[in-house]
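Asks: Listed below are the residues making up each chain.
Number of protein chains: 2
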Amino acid sequence: MGTHISKVRTQDARFYLEGGAGSDALHTDPQYSYAVTLLETDKAIAGTGFVLTLGQGNQLVTAAIELLAEGLVGMEIEELMASFATHSRAMADHPQLRWLGPHKGVVHLALASITNACFDLWAMSRGVPLWRLLLDLDDVQFASLLDLTYLEHVLTSEDVVAFVDQQRQGREERRGILNTGYPGYDTSIGWLGYDDATVVANAGKAVDRGFRALKLKVGSDDVERDVRRATRLREAVGPDVRVMIDANQRWSVPEAIANIERFRDVDLFWVEEPTHPDDVNGHRAIVDAATPVRIALGEHVPNRVVFNNYINQRAVHFIQIDCTRVAGVSEFLTVSLLAKRAGLPVVPHVGDMGQVHQHLVLFNHIALGCEVVFLEHIPHLSQYFADPAEVQDGVYRTPQEPGSSAALRATT
Amino acid sequence: MGTHISKVRTQDARFYLEGGAGSDALHTDPQYSYAVTLLETDKAIAGTGFVLTLGQGNQLVTAAIELLAEGLVGMEIEELMASFATHSRAMADHPQLRWLGPHKGVVHLALASITNACFDLWAMSRGVPLWRLLLDLDDVQFASLLDLTYLEHVLTSEDVVAFVDQQRQGREERRGILNTGYPGYDTSIGWLGYDDATVVANAGKAVDRGFRALKLKVGSDDVERDVRRATRLREAVGPDVRVMIDANQRWSVPEAIANIERFRDVDLFWVEEPTHPDDVNGHRAIVDAATPVRIALGEHVPNRVVFNNYINQRAVHFIQIDCTRVAGVSEFLTVSLLAKRAGLPVVPHVGDMGQVHQHLVLFNHIALGCEVVFLEHIPHLSQYFADPAEVQDGVYRTPQEPGSSAALRATT
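Keeping their order, the protein sequence lines are chains A and B.
Residues 89 to 500, numbered by our numbering, are exactly what the first sequence covers, in order.
Residues 89 to 500, numbered by our numbering, are exactly what the second sequence covers, in order.
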């Protein structure tokens, strides 16, 4: 009985992007790639999980997956997920591989890929989409998914149970989002490699397609270029569309403070990754100087401990956690809880192109009471997914297929 | 003319330890291993650099070295080192591999191994030990070694030049350490796997060999055991020997605060790695609660940005940076400067078993004016080095061979 994992396979999947798509201030020549975990079973289903890399080094992550996931073979998926926190922690604290992190870099990306495959398989085996599986858990089952080690002073299992229970008030009402869909925003209008005319043209098309929020890459060698592009973008879309800029860690702390001031006439909804993602103190200084402009970050924040430091220090406004950076779906949910309790919105970065995160933001809103902001939409890789996210009129349609929408088409 | 790098080779070197040596609360079954970079040249010399891992995954680091170091082939070593910060930054910000960090985990370990090989080759090519090479640099040459990106608000090249110049006062006097040798401390008396009697016996032998400071691993499942061992150790060595304990990140923040209090009768010189190395805020809380007991950490702090946060927040007392964890010799020196300017002692963790660090602490003291505390001594691997560190009467003898003492015997 049950669904047993019979084999762990990995896939080093690399995709070609066209014409500067994906480029930013520090990642000038990306080849979007996925380090994929495939959990084969004794049934006709498999679990798929993956993390994003930018090409070279993707094979380091798949090699780490093979080292970490060994112990999963033979396990039954319901039994595994009944005490997932324990298994996740054992992999995170592998007595030899832990040294290579801990809880960051290649080994943590590998754990994320494995974790995401476990959640995908779980939902596949129950025949339901991941968002529904998560909503159907009772509070204790939910808490047992989360490895809360090193958060003992902030968030215990008992806290999780109490918080989720408290959020049951209003939950039925919040399920309305399943019908209306979750709003998206368009990141693909303004990659750093695009010229001004392309940005303006893309912005017009995005607004026509229903998006009410657009993001522009900045962090050029010439900040004048950045300001000019942002200004043209604002002029093109008018005052009612939200405009964000993303510096991709290109600035020093003093540069960030000086440069953000130069965009004062653009009315920015946020400034993303102004400087190094490890610099909590630096971001706190930027937050203090940039007010009322708000700061977003998270795509390079590796784990719950660092997120907790950001939240604690009030060094960030928008939590851009990515389940393909932290240890997968479960650490994503842990950080979402920390953020919600601190009153900060969770707006995921979508290393998965939104495929898995479309499930997670629905759960976050309905079960945790997280505010609906919008979910990043990057359409580049949709042709490679078995069930690509459907974004219509600027809104993610609620996925209905079993699993986490992570499965890739067989041909990649 | 000059010495050109003709080939980059890597070596996955793994060593067997006996009887629980190297074991601690989280790393219960280590196989000390080095991910080695070998820079072959058109002369009869080669540069050796390495980083420590605990066995599995060592091959991930060597694979990353091969990806990162490609561009060094053909370079002349003096030209390379004349603008080393630029080259180091280019590797740290590799447009595709950066995603796997940034500046942490496997790719940063790889950069450390490469950097250390560059410094070793440089000293080999000049025919001098590394400590002497560093002391002979002028202030501007020294500053050009250091990638200070993301420290612009804290430490500029001009600051480095001014600081080193200022420290020239008293420098001749401090050169006396070259004759007296740098004091060591013994980590090998109290691995977590050793029984009480072994610890007490080892302590006696270490004191007989001239050590005035000893370290005990704690973080057992049973804190009573830890307190008992520390108490026996204190009784065995008397009040004049320094005793440190090392929890290797085993405790939560509240556990650390409660447990440290239980050692109050042992007179601890420091408590090392009480909790997760990413938790700056947590360590600040521990520092506040544990005073006057002091906190040491650094072996798992990946880069200058995180160290700067620790220093800024006054969340640590002893900076245990390791040039086999941060980006090698140059980032080690950068963090040493940050620490010295903040009045904090630098007491390296020795992933290199002290081979390279014996050079660096001499430079730190003589050129930067860093306080002499002591340098960790772990003799396990000395048989594998071409020129093993000589520790006599508890003191490191100043190495005189060319290079950084990193070369391994050919047979490994």
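Check the hints yourself; a few may be wrong.
[Unchecked claim] So the derived label-pair ranges between C-beta atoms look like this:
id, chain 1, residue 1, chain 2, residue 2, range
1, A, His468, B, Arg97, 51 to 61 Å
2, B, Ser470, A, Asp310, 38 to 48 Å
3, A, Val161, B, Glu154, 50 to 60 Å
4, A, Arg352, B, Glu246, 22 to 32 Å
[To be verified] Residues on chain B that point at chain A, a partial pick, calculated with CB under 8 Å:
id, residue
5, Leu188
6, Lys192
7, Gln229
8, Val341
9, His364
10, Ala403
11, Phe473
12, Asp475
13, Gln480
Simulated from the structure, these hints should not be mistaken for lab results.
Quick caveat, the model's predicted, so the values are computed rather than measured.
A virtual CB, placed ideally from N, CA and C, is assigned to each residue, including glycine.
Asks: The structure should be examined with respect to each hint, and the outcome stated for every one.
Replies: Do the hints match the structure? See the list:
no. : hint                              : result
1   : A:His468 <-> B:Arg97: 51 to 61 Å  : violated (38 Å)
2   : B:Ser470 <-> A:Asp310: 38 to 48 Å : violated (54 Å)
3   : A:Val161 <-> B:Glu154: 50 to 60 Å : violated (30 Å)
4   : A:Arg352 <-> B:Glu246: 22 to 32 Å : holds (31 Å)
5   : Leu188                            : holds (5 Å)
6   : Lys192                            : holds (5 Å)
7   : Gln229                            : violated (24 Å)
8   : Val341                            : holds (5 Å)
9   : His364                            : holds (4 Å)
10  : Ala403                            : violated (10 Å)
11  : Phe473                            : violated (21 Å)
12  : Asp475                            : violated (26 Å)
13  : Gln480                            : violated (31 Å)
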